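Peer 1: When the letters of the sequence shown are read in order and numbered with our numbering, they come out as residues 3 to 164.
Simulated from the structure, these hints should not be mistaken for laboratory data. Since this is a predicted model, take the numbers as computed values, not measurements. Some hints here could point you the wrong way.
Unchecked claim - List of simulated lysine-lysine pairs, DSS-like, C-alpha gap at most 27 Å:
1) 27 with 39
2) 46 with 27
3) 29 with 39
4) 46 with 29
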Amino acid sequence: MSIVAILSRARSLGIRLSVAGDVVKMKGPPDAIAAIKPEIAARKPEIMAYLLAGTDGCQQIPADCIGALRSSDGGLYLPWMPVLGPEQLQLMQRELFDVVDELARLERWPDDDYDIIIGAIERQPPSTLRPDLAHFRERLRVARLEAEARQTANRRAWKFDR
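Let the sequences and hints guide you as you build the complete structure.
Peer 2: If you want it as structure tokens, here you go:
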């Protein structure tokens, strides 16, 4: 069996291989490690050379990918946003819900429009939460100013009605 086939089989069994000094380290299910260990031991020098060549290449990141993260399959990627935990995600969704709820009340949205927007908040991808929050906060700021201006005008009009 070729080195690539052995490494492919190890990956399909859920085994991660790495080199530590002159030892090939294997992490994964014990029964899978026991099954593939003889094949790896038989071709150890070649497998070590292959793994070491792969780690040297991994450290060379192209200039346009600096800051990129490396996935488990070795590819580089740029995340759309920082990693959010479930509680952070719920907190941001709750904040967006509160902003939209107040905005809908101030702008007197129809019930159907309100239901559509609230449903979208629950199902939207996390990467859209920040831009949506900024958008609706700005709209809420403007709506509050308009409501305050209306209240001020109504108070003045009441004084002149006497």
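Peer 1: It remains to establish, for every hint, whether it holds in the given structure.
Peer 2: Evaluated hints:
{"no.": "1", "hint": "27 with 39", "result": "holds (10 Å)"}
{"no.": "2", "hint": "46 with 27", "result": "holds (11 Å)"}
{"no.": "3", "hint": "29 with 39", "result": "holds (11 Å)"}
{"no.": "4", "hint": "46 with 29", "result": "holds (16 Å)"}
In the structure shown, no violation is registered for any of the earlier numbered hints.
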